[in-house]
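Protein chains in written order, with our numbering: chain A, 1 to 250; chain B, 1001 to 1604; chain C, 2001 to 2246.
Possibly wrong hints are sitting among the right ones.
Unchecked claim - No farther apart than 20 Å at their CA atoms in a straight line, the calculated lysine to any residue pairs in the SDA-like style are these:
no. : chain 1 : residue 1 : chain 2 : residue 2
1   : C       : 2161      : A       : 119
2   : B       : 1205      : C       : 2201
3   : A       : 209       : C       : 2116
4   : C       : 2006      : A       : 17
5   : B       : 1352      : C       : 2163
6   : A       : 93        : C       : 2201
7   : C       : 2116      : A       : 194
8   : A       : 93        : C       : 2158
9   : C       : 2161      : A       : 117
10  : C       : 2191      : A       : 126
Unchecked claim - Residues from chain C that keep clear of chain A, each with C-beta distances beyond 12 Å, as calculated:
no. : residue
11  : 2087
12  : 2088
13  : 2110
14  : 2127
Hints listed in this document are in silico derivations from the structure and should not be mistaken for laboratory results. C-beta: ideal position from N, C-alpha, C; glycine also.
What follows is the residue order along each chain.
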Amino acid sequence: MVAVPAEVRPRGFAATERRDAWWVAPLLQGLMLAVFISYATWAALQNANYHWGGYLSPLYSPLITADWIPVPPSLLILLPPVLFRATCYYYRKAYYRSYFLDPPACAVGELRAGRYRGETAFPLVLQNLHRYLFYATFLYLPFLWSDVVHATRFGGSFGIGLGTLVILANTTALTFYSFSCHSARHLVGGGLDCFSRTAASRACHAAWKGASVLNARHMLFAWMSFFTVCSADLYVRLLASGVIHDVRLL
Amino acid sequence: MDHLETKTYDVLVVGAGGAGLRAAIEAVDQGVSVAVVCKSLLGKAHTVMAEGGVAAALATTDSRDGWRVHFRDTMRGGKLLNDWRMAQLLAQEAPARVRELEAWGALFDRTPDGRILQRNFGGHQYPRLAHVGDRTGLEMIRTLQDRTVQAQRIDVFMECTVARLLTDDGRISGALTYRRESGRFLLLRAKAVVLATGGIGRAYKINSNSWEYTGDGHALAYDAGADLIGMEFVQFHPTGMVWPLSVRGILVTEGVRGEGGVLKNSRGERFMFRYIPEMFRGDFADTEEEADRWVADVIAGRKAEARRPPELLTRDVVARAIAQEVREGRGSPHGGAFLDIASRRKAEDIRKKLPSMYQQFFELADVDITREPMEVFPTTHYMMGGVKVDPESQAATVPGLFAAGEVAGGLHGANRLGGNSLSDLLVFGRRAGAGAATYARAQSGEPGVETRQVDAITAELLAPFERKGSESPYAVQDALQDMMGTCVGIARTADDLQNALAALGELRARAGRVGVDGNRQYNPGWHTTLDLRNLLTVSEAVTRAALARRESRGAHTRVEHPDSDKRFGTVNVVVRRQGDAMTVVEEPIVPVPGELRDILEGKD
Amino acid sequence: MEAVLKIFRGDATSGAFRDYTVPLDEGMVVLDAVHWVQAHQASDLACRWNCKAGRCGSCSAEVNGKPRLMCMTRMDHFPPGEPITLAPMKAFPVLKDLVCDVSWNYSVNRRIPAFKPAPPEADGTWRMQQVDIDRVQEFRKCIECFLCQDVCHVLRDHDRKDSFAGPRFLVRLAGLEMHPLDVESRGAHLKEEAGIGFCNITKCCTEVCPESIHITDNAIIPLKERVVDEFYDPLRRLWRRLRGSA
Ligand SMILES: Cc1cc2nc3c(=O)[nH]c(=O)nc-3n(C[C@H](O)[C@H](O)[C@H](O)COP(=O)(O)OP(=O)(O)OC[C@H]3O[C@@H](n4cnc5c(N)ncnc54)[C@H](O)[C@@H]3O)c2cc1C
Ligand code: SF4
Ligand code: SF4
Ligand code: FES
Ligand code: FES
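Please take these sequences and the hints and turn them into a complete structure.
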């Protein structure tokens, strides 16, 4: 064990010499995540009010309508994106800190139950399959963009409503979120050691550079897209349940 | 000494900077057993702080360069007082040593065609410094460190200080060291010892050096009976930070000027145009317009046809010029000159090319160098003088003793060019390692170590614990630094130097009264006390050598003898121990042979 | 103006925080204050330093509980009047006062498979473009201050030095793995010896790095992805098997 006189420099949960309010950030982050997750779960279980005119809630896209499935189809549809986020490098950081308290904040003592294995043992070792969830959710992007197109159809004619913008914003945020993924950055060129040798590797370098620019803002896109998904669903839900009326802009 | 921890090696390398590590790698490659000791942790030696680059005539950036030009620049920068053979070896071997680093994993900045990029520096005619932004030393030491660590036959003793060299019948037989951590002694027996301990900057208050630079190697060699040469030549780097007090002396790399930075006084004049010495008049721009053209070419990556700006004159010239401007009342608010790169280069280029400088000023001085000029003043930086060595093998005048890097003398003459130190470390570190290995292999049997000698030394080292605190080691060191700055600084007079000698006597007496508190475990007070002895020795050597050289040349300026004297151009001042007294003698320099003389005269 | 420093004094067996009052100067950094204490109040106060300019990574300590370089931490960074706590790094055994035993780090470094270059061009040298080395140069900025090792909870709280190399050496491994000339493969080393899976990417290392190396985003995560390529990605494994048998 590390030799530090314990009576002077205590170890153990929340032990620290930090003077700042280190607990604020993990607490807020944990609360925000909880709010978003709760809302999304509740909304996905409704299996109603996800549709209004050309607008479709992103939680239900692509739309499956099959009565024979025993669970709400939205749950099935949501499984890949949910796992994508659950294994996302950024969200991992967020929930390891806020929920697992492993660590709660930097240079702050943590709970030590059992021997730490990190991501080396089941189930967390499965985090390593994140890239497959990237592949899977990548396939959603065309549907999400087609939702944007549908959102411009108002009874057969073109138009733009506030909902159109909300859906467009959401699809954009989701696209940025996907393209800024660490796995994506690795797959498009990060895996190479030498960029300049061939034309193909130079192309990869360009792609990697672009991915890197986005990747630096991955956390931002992660929060933005979670927010836009929930707001888009809420907007459609409120329209569909007749609480509010759409604002037609064009 | 029965309980004294003892280990035996063929070669003992003292110092883990560039020179020490390169020597160790070479010695081990030659098949002998090697130990390295250093005062700090591995990788923290001074070399890590080198910024600007390593000078080698690779000719990748300007194809007109070659070893001959490098040789000529080095000799002219050293005011022809250099050991010409060392200067020649440096110029010829540096490119191979730099490429070798690349083979060991170093990554220098690149030219557009994928080769090593070189930058301009003071006194170098062509862009010659291979570099990595402004952290070249870090790249170098990390590369060498990794190479060392991976070699199974090198033992590294970190935080272990050599207190004395041991001799047996006039030959080196090892070193007595103490481990800083525990305060315990460790006896390292060795057939050959390579000194690579760096410089003496801590003898001065305003310096760019770390606590390690207490002239240990110089003093150890001197004590063992080796000759020191050129001790009067202490390099004051023209650009040290001035403000705030806390950072006074910290280096501002010459790379700032190499990248186009200019020096101005409080009237906004680029005063360096007024200080071009006769010897260099033909090589430097005499109008701002020409100097600017040179910078424009360099930035654009073209071969410069214009002559270079006078800011890139050798360090001795620039340092004296800044000091004079300040003395004559044209200094900046905190008593320095303005160094301006903000108005010359784009902010983003500055951050890319000089990232550490940017950060250093931003965080420590609240100055954004992409917007405002810096304030700079000369700072004690480098020791040209050192252990007299054989140019081929780096052997000192004591059998079994070798020296390389800053602690060795001769190569740089009266003034070192920027970038030549890092190549010195590689070229002569390697030669010293080879020299020591060859010597060690030729020895039959282990050299003896006398118990009585060791006991006497350990008693002396522990003595400060017995004298409980009448003097503080820090106060004595402070007083010494103040005195050296005042009396043996950039401009020296005979009176000041005589005063310095008297003051050194008093300081020595005070040092003898220093007592330390606490125990032997990691006790900086005790360590400082032991270092004082070395500082006093080298300070005396510098002062005596400075008295003996009654002329001005390179970094050495005697106020009453403002010009160079032909006669002094042919001799080295040698400092040598005779019993307990320090003696100074003049020794003739080996003249430069004919074909090299032609190079010097530009007939290559 | 004065400041009070609460400095840890002691060794591995016992110790206490002691108060020292230090006069303040403009632009002063924490290391200056420690030196002042050494020179005037406690000559045997142990601390490491060399460059005083943030280049050597010697002066690491915990200032008010945060891992920092003392030479780059300004005294005016702290609210006046409040005492400043100075303690040694917590992830390593204390030797004395502010100095701890970091030798474990050097033993980790020793086990990393060395750089092995591809054969050079005909003229004996290599060609590399700046774009090839930009990425690796970020990693080579590391000054080995070990602040990231100190703050990493795997080492600090869980003390898994038996299985995890720590962020500093993942940065070093990244520098080797992404080196354009290197041909050595370190996948197995990363997974088994360096224990990259122990990192749960919580980014404290990145927060404290004085060289602003993006340790997690640019070194660790890309290395994790490379380890996935080699060990966890079922399709790639299948593909390798097919190609290997073909
Ligand atoms: C800020 C700065 C910037 C510089 N920039 C450049 C540059 O751009 N280009 C250039 O060419 N040069 C530059 N220099 C000069 C150059 O860095 C040094 O001259 C060179 O690094 C010295 O290397 P060395 O191997 O001789 O010694 P160092 O690297 O200083 O190593 C000395 C070693 O000896 C050890 N040691 C000392 N005494 C003892 C003892 N008693 N017992 C045990 N070990 C001991 C120390 O612990 C250390 O490991 C710069 C210097 C400074 C200060
Ligand atoms: S990101 Fe990984 S390596 Fe860095 S501090 Fe967190 S667990 Fe340690
Ligand atoms: S990666 Fe950064 S924090 Fe870690 S040792 Fe290197 S410089 Fe220090
Ligand atoms: S989605 Fe966050 S890292 Fe892949
Ligand atoms: S003393 Fe070198 S980093 Fe602080």
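So, going through the hints one by one against the coordinates:
1. Taking the CA atoms of residue 2161 of chain C and residue 119 of chain A, the gap is near 16 Å; set against the 20 Å cutoff, the hint holds.
2. Under the criterion of a C-alpha separation no larger than 20 Å, the hint pairing residue 1205 of chain B with residue 2201 of chain C is inconsistent with the structure, at around 45 Å.
3. A C-alpha spacing of about 27 Å is found between residue 209 of chain A and residue 2116 of chain C, which places the hinted pair above 20 Å, so the restraint is violated.
4. Proximity of residue 2006 of chain C to residue 17 of chain A is assessed by CA-CA distance (about 11 Å); at most 20 Å being required, the pair is judged to hold.
5. Using a Cα cut-off of 20 Å, the hinted pair residue 1352 of chain B and residue 2163 of chain C is violated, with the two alpha carbons roughly 37 Å apart.
6. Our distance criterion of 20 Å between C-alpha atoms is met by residue 93 of chain A and residue 2201 of chain C, whose separation comes to about 6 Å.
7. A distance of roughly 15 Å separates the Cα atoms of residue 2116 of chain C and residue 194 of chain A; the hinted pair therefore holds under the 20 Å criterion.
8. About 17 Å separates the Cα atoms of residue 93 of chain A and residue 2158 of chain C, which keeps this hinted pair within 20 Å; it holds.
9. For the hint pairing residue 2161 of chain C with residue 117 of chain A, the CA-to-CA distance comes to about 12 Å; that is within 20 Å, so the pair holds.
10. At most 20 Å may separate the alpha-carbon atoms for a hinted pair to count; residue 2191 of chain C and residue 126 of chain A meet this at roughly 14 Å.
11. A beta-carbon of chain A is positioned within 12 Å of the beta-carbon of residue 2087 of chain C; the least distance is around 6 Å.
12. The beta carbon of residue 2088 of chain C is not kept farther than 12 Å from every beta carbon of chain A, the shortest such distance being approximately 8 Å.
13. For residue 2110 of chain C, the requirement that its beta carbon stay farther than 12 Å from each beta carbon of chain A is met, with the minimum near 21 Å.
14. Its beta-carbon lying about 9 Å from the closest one in chain A, residue 2127 of chain C breaks the requirement of being farther than 12 Å from that chain.
Checked against the numbered hints above, the structure violates hints 2, 3, 5, 11, 12, 14; every other hint is satisfied.
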